[in-house]
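Asks: Chain residues, written in single-letter form:
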Amino acid sequence: MAQVPVEEGVFTWPSDEPRLIGSQCTECDNVMFPTQSGCPKCSSSSTEQIELARKGTLWTWTIQGYPPKSPPYAGNDDPKTFEPFGVGYVELPGQCKVETRLTENDPEKLSIDMEMELTLVPLYTNDDGDEVMTFAFAPTT
Amino acid sequence: MSTDDVAIVGIGMHQFGRSDLSGMDQGVVAVRAALADAGVEWSDMQFAFGGSAAAGKADTMVSKLGLTGLQFINVSNGCATGGSALFSAYNSIKSGMFDLGIAIGFDKHERGAFRVDNSTWYGKSGMALTTQFFGMKINRYMQQYDISTEALDRVSEKAFRNGSKNPMAWRKKPMSLAEIQESRMLSYPLRQYHFCSPAEGGVAIIMCRADKAKQYTDTPIYLKAAAVRSRRFGSFEVMAPHLAPEHGDGPTIDASKAGFEMAGMGPEDMDLAQLQDTESGAEIMHMAENGFCEHGEQERMLAHGETEIGGRFPVNTDGGCLANGEPVGASGLRQVYENVLQLQGRAGERQVPNNPKTAYTHVYGAPGISGVTILAR
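Chains A and B supply the protein sequences, listed in that same order.
If you're matching positions, the first sequence starts at 1 in the numbering used here and goes up one per residue.
If you're matching positions, the second sequence starts at 1 in the numbering used here and goes up one per residue.
Take the hints with a grain of salt, since some may be wrong.
Claimed, not checked - Here are the in silico distance ranges between beta carbons for each label pair:
1) A:G38 / B:E268: 53 to 63 angstroms
2) B:I73 / A:T141: 35 to 45 angstroms
3) A:T35 / B:P367: 10 to 20 angstroms
4) A:C28 / B:H295: 24 to 34 angstroms
5) A:P107 / B:E294: 20 to 30 angstroms
6) B:E349 / A:D29: 57 to 67 angstroms
7) B:P267 / A:C28: 29 to 39 angstroms
8) B:E297 / A:K80: 18 to 28 angstroms
9) A:Q3 / B:N91: 27 to 37 angstroms
10) B:L67 / A:D78: 23 to 33 angstroms
11) B:M97 / A:E83: 35 to 45 angstroms
Just so you know, the hints here were simulated from the structure itself, not pulled from any lab data.
All values reported here derive from a predicted model rather than from experimental measurement.
Just so it is clear, CB atoms sit at the ideal spot from N, CA and C, and this is done for glycine as well.
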């Protein structure tokens, strides 16, 4: 089965060591995710594309305990088989905090400030039979 | 009272919850109730500001209320729609442009969590949910300021108890701490009964120049401040795929400061407050963000019942969003409606004792917007 990204331009693809693709302001160096034109910090209109750090620390988190409404959610929304998933912000040192799915969904195994690393996870299988991938952060220990 | 003050002289509401009426028609019911409360006719209204998030353009309701040719401006500002309508009405009168007008908010949402219109990777991947933001914000806050899950449960217990004393509330059944603690975990650490639900309802507020208020009512309530603020760089807001590395004050802190400055008052001058309680953690955080306590003090205040109707500083006396649900366009005006009742001594079983003189409202919503009002009699 082939794998395809949930959307082009969100993370490097294909890649064994994926990175999120963001923007950096050419005036004040502020880092944003996903890419955007215009800087919310200094109001500059000039940004350039950068690849973000792969590792960071968990800033805060929750567990998505019920199926999100579909659409827009593209993953499994069947209440009978839905698997809760973690969501958090990971602070990438010197860059920004990115909102992300987490590979861990057990509250006992998540804690603020723990070390995390970017990975890709399957989200759903599309009509062509391809496995659609999105990004998530995984605890490194 | 100074001559350039603005007074509230009539209030009306369509009950929150679920209704067979359209959202718009619930707005019409609220308008007619407000007109009756002020003893005026629709044809007396010189202007209207109104809005809903999901129930249509407010100005089309003139086809039912009367085609009088008045200036009717639609307001669309998410959870701050009602607050923005009120701010606009306030300025229309304060500027001397008009003497008498109305602010209207109504809504009708489908069941379940708010569906967000986001078909990009963000929504597809299962983020873009308001409930996640609230879970993440309170989770970090609880660790930072040592707030227990029991504090969350106490906020919900208080909300449903207050709702049981409010004939206009949606949820009128008190709920025990155990029931709340055993409800389903939705967005850790928040359970089902920590969250409000999207709902339906409508509210209308009639305002006039303060020096004319006694023509309409013996108990005018003065709008001392109405402020709306959007987010600044560094704040932590709902529906944000990324946050800045540094942390800045959120829009609630900014709107609160602006409101107090406009009124020439401070948090210590307020007798009661209605604070955005999308979930019980939000009420806890908003107590401090609006200046009514220090971060972390909420644990003790809740344990001692200080925010109960008979407590030192009552919060969400009508049951808040938790007991009333959240029709986005009407929610901010519901808070004002409740405060007017409290200041006029008309709040019945849930009346705050000792004749409160001042009252505060606060709304918060996507994409990082906050609205505050201060009322005084």
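Asks: Give a verdict on every hint.
Replies: Here's how the hints hold up against the structure:
Taking the beta carbon of each, A:G38 and B:E268 are about 41 angstroms apart, not inside 53 to 63 angstroms as hinted. Between B:I73 and A:T141 the beta carbon distance is about 57 angstroms. The supplied range of 35 to 45 angstroms is therefore violated. In this structure, A:T35 and B:P367 meet the distance hint of 10 to 20 angstroms, their C-beta atoms being roughly 18 angstroms apart. At about 30 angstroms, the CB distance of A:C28 to B:H295 agrees with the hint of 24 to 34 angstroms.
Checked against the hint of 20 to 30 angstroms, the C-beta distance between A:P107 and B:E294 comes to roughly 28 angstroms, which is consistent with it. The hint said 57 to 67 angstroms for the Cβ distance between B:E349 and A:D29, and at roughly 58 angstroms that hint holds. Checking the proposed 29 to 39 angstroms range against B:P267 and A:C28 shows it holds: the Cβ atoms sit about 35 angstroms from each other. Judged by the Cβ atoms, the range 18 to 28 angstroms given for B:E297 and A:K80 is violated: they are separated by roughly 44 angstroms.
The supplied range of 27 to 37 angstroms is broken by A:Q3 and B:N91, whose beta-carbon atoms lie about 56 angstroms from each other. At roughly 50 angstroms, the beta carbons of B:L67 and A:D78 sit outside the given window of 23 to 33 angstroms. The hinted range of 35 to 45 angstroms is not satisfied by B:M97 and A:E83, whose Cβ atoms lie roughly 57 angstroms apart.
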